[in-house]
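Read in our numbering, the sequence shown has 236 at position 1, and its numbers run on one by one without any break.
Rather than coming from a laboratory, the hints here were simulated on the basis of the structure.
Worth double-checking, as some hints may not be accurate.
Said to hold, decoys possible - Listed next, with one range per pair, are the computed distances between beta-carbon atoms:
| id | residue 1 | residue 2 | range |
| --- | --- | --- | --- |
| 1 | Q249 | F293 | 27 to 35 angstroms |
| 2 | L284 | F244 | 17 to 25 angstroms |
| 3 | A257 | A290 | 30 to 38 angstroms |
| 4 | Q289 | M242 | 31 to 39 angstroms |
Where a beta carbon is used, it is the ideal one built from N, C-alpha and C, also for glycine.
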Amino acid sequence: MYQYDLMLFVPGHQQGGWLIDALAVTESSFAGQQIDGLIGRDVIDRGLLVYNGQAGHFTLCY
236 MYQYDLMLFV
246 PGHQQGGWLI
256 DALAVTESSF
266 AGQQIDGLIG
276 RDVIDRGLLV
286 YNGQAGHFTL
296 CY
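Between the sequences and the hints, there should be enough to build the whole structure, so can you do that?
Here is the structure:
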């Protein structure tokens with residue numbers, strides 16, 4: 236699989252947004268799984284993830 240360097244920006248209304256430079260990502264196939272991509276611990280470790288499985292939603296704070 237191919238590997239790319241990616242810049243990730245998540246816009247925010249109060250702080251302007253969250254920018255992560257030079258993030259290494261690896262191409263993968265999620266055919267038939269209804270998945271566009273995965274966020275790994277290298278990103279989650281930079282913020283706070285709250286996952287509510289019963290309600291089926293999550294919050295990622297930075």
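### Task
Please name the hints from earlier in the document that this structure breaks, with their numbers sorted from lowest to highest.
1
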